[in-house]
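Residue numbers (the working numbering), protein chains in the order written: chain P, 228 to 455; chain B, 84 to 500.
Treat each hint with caution, since some may be false.
Taking lysine-lysine and the DSS-like style, the derived pairs with C-alpha atoms no more than 25 Å apart in a straight line are [what the hints assert, rightly or not]:
#, chain 1, residue 1, chain 2, residue 2
1, B, K402, B, K423
2, B, K423, P, K345
3, B, K487, P, K300
Don't read these hints as lab results, they were simulated from the structure.
Keep in mind that this is a model prediction, so the values were computed, not measured.
Below, each chain spelled out in residue letters.
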Amino acid sequence: MKIIETRDLNKIYGSSGNQVHALRGIDLDVERGELVALIGPSGSGKSTLMSILGCLDVPTGGTYSLDGVQVEKLSGAELAAIRNEKIGFVFQQYNLLPRATIVRNVELPMLYAGVPRKERRQRALDLLERVGIPDKANTLPGALSGGQRQRVAIARALANRPALLLADEPTGALDSKTGQEVLALFRELHAQGNTVLLVTHDPAIAALAERRVEMRDGLLYDRQEQAA
Amino acid sequence: MKTSGAFRERLHEAWIELRGNPGRSFLQALGVMLGVASVLGGFSISDSQRQQAQNLFARLGGTDKLNVLPTDTVYQGTRSALSTANRGLSLEDALEGGKVPTAEAVNAVSVLRSARARVRSELADQEREVSGIGADYAALNGYDIEQGRGFSAHDFAAGAPVAVLGSEAASVFFPTGDIVGKTLRIGDVPVTVIGVFREKVFRFREAQGNIFAWRNRIVAVPSLLVAARMEGDDYHRLDRVTFRVPDLAAMADFSKELSSLVTANHRLQDDFRLDDVHKRLERQMSQSDVYNIVFMLSGVLALIGGGMVNVNIQLASLKERVREVGVKMAIGASGREIFKAFMTEAMLLTLLGSAAGYIVGIVFSWAITKSIGTPLSLSPLSFVWATLLAFLFGFLFALYPAAKASRQSPMEALRYE
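With the rest of the complex left out, here is chain P (with noise of 0.2 Å):
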């Protein structure tokens, strides 16, 4: 089954006259359980690919399924359903609330979800052990170390067992060791059948994935090799 599948995705920003055509007329189709790394320059659009597939922006033009689900036309408040169920975002900056404890930051998409409480705090917890950081559970976010935030970032985007997960540069902010480590969590989860689109511009880190596209001035070039 597909996870994603677009058809002539389309998105031009700016009004007429100073317009500037990120996507031309994409397809990509992703199945269940598959690694995919998204590489690309910047300015190739990758970004704004990612945006269009994470639920964050609408295309202009073509169509987008998501876990069987037309995205392309829903209101704000649809896609933000769509993002909290379907859909886990990790980020380069981890972008974990600060003010809030590790816990609360892996139960957050749960509230939002209107999970009860009490199943809440046990999922959180229990995602915190799967990604390896079992006992920092009522620290803030401030007193763990680039890889360890991204580890809760990753708890977090499981958080709502979402169709896709979404990574966007994961390991660029780490050093080589710790990025290695996020990489084989990401490869872990990979392997426990969760679908994962990695969004990298180091070709080293996409060599991983089984499959490789290439964005380029709009353009997706799919490459399907195996990983190394």
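For this one, chain P is given, so just place chain B on it according to the hints.
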């Protein structure tokens, strides 16, 4: 958030946010606090003044009175020809006034005929105002008997030569303290002192003098005694007739009937006037309503000032928080949810600010009323007003930043550096 615990969660979230920014939260709560405190303080000052005024009127014997006063012309102590020729205000007016159809509203009548006279005891000799009183005068003017007895109906009817003294008069004429049963000469008339009124004390502020001091100077005798024996007035004219009408609604009708009755009694001569004490005082008291408005306005202005500061702080802090808002949106918060979160935060701030404002306001009021020496008076209504105003302005001023935050595009908010 969709569960029934959503509000609690939002509150928790807001609390985390406020606790995480103590300095900012303090500044924001400060405006609310000062606004609430100044509304409370202002109300308390005018309340305590009003309370004090009401105490005064209660001690004066109430404000529910209708006075009938003769309008005779007095020139250098002598009545004018017209008022001498006429019968003037008489005891009949008082008695018949108590019998007009609407008179069931009247529950007490008092009459007064005063004169200046030389008053002598064994130890003192003074020129004094002598009050010839009748009927319910003592009760209507808040006099209580401390020693001896008051006047009986017989004393009044016969114009008996008996006197009741105010506490000051008693101590002047009988400094040795043995008073009841002694004789006092008023003019040429020897009268027996049958009682002493309890001392009347009233101070607007603790440090001020007793504004009732003059009431303790009273030398009271039956009005008939003054009229008939001291002044030789066959018509027994009175200086004042007072009707107490507790039901203020009935006052207007009664005063109309009384007016036509007295006019008829006086051969249609318009030689008296009616004085509705309650109406007169109400007019005077309406000034203090102006103070209330001024105080409320100052509180409102403080709240508006604080509210504008809050908007600024919120908008400034929004810059820091754009990314945070973006993150929340990315993990599933709708614009509506962000809006609610900001509003909850503002309302929690208002709540905390109001609570602090209550404390500061009470201390304010206590300090001010203490310094001017009036009793502290804080009505629950002023708390209601202060809270209502604080929440009204807190809510209004929170709308703009909250709306602005909630309308961010999640993508742009996430990219915001």
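Results of checking the hints against the structure:
1. For a cut-off of 25 Å, the pair hint linking K402 of chain B to K423 of chain B stands: about 18 Å separates their Cα positions.
2. A distance of roughly 23 Å separates the Cα atoms of K423 of chain B and K345 of chain P; the hinted pair therefore holds under the 25 Å criterion.
3. For the suggested pair K487 of chain B and K300 of chain P, the alpha carbons sit about 24 Å apart, so the restraint of at most 25 Å is met.
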